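Read top to bottom, the protein sequences are chains Y and C.
If you're matching positions, the first sequence starts at 13 in the numbering used here and goes up one per residue.
If you're matching positions, the second sequence starts at 59 in the numbering used here and goes up one per residue.
Because the hints were derived from the structure by calculation, they are not lab data.
Misleading hints may appear alongside valid ones.
What the hints assert, rightly or not - Below, a sample of chain C positions facing chain Y; criterion: calculated Cβ distance under 7 Å: (1) 61; (2) 74; (3) 100; (4) 118; (5) 119; (6) 121; (7) 123; (8) 127; (9) 133; (10) 148; (11) 155; (12) 161.
Remember, it's a predicted structure, so these values are computed and weren't measured experimentally.
Every residue, glycine too, gets a C-beta built ideally from N, C-alpha and C.
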Amino acid sequence: SQKIEQNSEALNIQEGKTATLTCNYTNYSPAYLQWYRQDPGRGPVFLLLIRENEKEKRKERLKVTFDTTLKQSLFHITASQPADSATYLCALEQSNYQLIWGAGTKLIIKP
Amino acid sequence: DGGITQSPKYLFRKEGQNVTLSCEQNLNHDAMYWYRQDPGQGLRLIYYSQIVNDFQKGDIAEGYSVSREKKESFPLTVTSAQKNPTAFYLCASRRGQGGEQFFGPGTRLTVL
Numbered sequence: 013s014q015k016i017e018q019n020s021e022a023l024n025i026q027e028g029k030t031a032t033l034t035c036n037y038t039n040y041s042p043a044y045l046q047w048y049r050q051d052p053g054r055g056p057v058f059l060l061l062i063r064e065n066e067k068e069k070r071k072e073r074l075k076v077t078f079d080t081t082l083k084q085s086l087f088h089i090t091a092s093q094p095a096d097s098a099t100y101l102c103a104l105e106q107s108n109y110q111l112i113w114g115a116g117t118k119l120i121i122k123p
Numbered sequence: 059d060g061g062i063t064q065s066p067k068y069l070f071r072k073e074g075q076n077v078t079l080s081c082e083q084n085l086n087h088d089a090m091y092w093y094r095q096d097p098g099q100g101l102r103l104i105y106y107s108q109i110v111n112d113f114q115k116g117d118i119a120e121g122y123s124v125s126r127e128k129k130e131s132f133p134l135t136v137t138s139a140q141k142n143p144t145a146f147y148l149c150a151s152r153r154g155q156g157g158e159q160f161f162g163p164g165t166r167l168t169v170l
């Protein structure tokens, strides 16, 4: 069956360091992969989308990589700040345009 | 400002009651979605609609119903047939097929 896995344990990072979050998937060949940020009690907010033929995408301090051979996406936040603390969700876009969601990884940036 | 609104923010339901969650968008998006979020799980799709007067079941539609009479509105009814309705419900919209989804602030439903 199709499966998306994100680190279930919270990731603690010191302020100023680079945070790296992982999204692994099996039994699927997505055309797109998306990353969202979700704060407690609120709806997710879109961050980045990367296509299967793109290796890397950047937006300000954010960088996403997509390795279709490893079936893995990495999400990096450079120069991390306490305000970056949130849960980050990855989602795969199916051929019928529906999204399959990971459970998210909670990121905590310590001052 | 354009966006998606959901109401109420918190909702309490007695067992055996039907309740309706509101979702309105002024983004002029064609597609709208309802998701359910439970702790430790990814978002699960309940229903979606690509166009007015048409909607399709998602992965967990049992015990839920929707309507799409207007482009701006996509209300979700949680019926008494839904045995475990306590969850955080999220409404989203998208301009067309594929790409970014825009989410509302969510409704937290609790069964008493």
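Enumerate the violated hints, using their earlier numbering and listing them in ascending order. 1, 2, 4, 5, 6, 7, 8, 9
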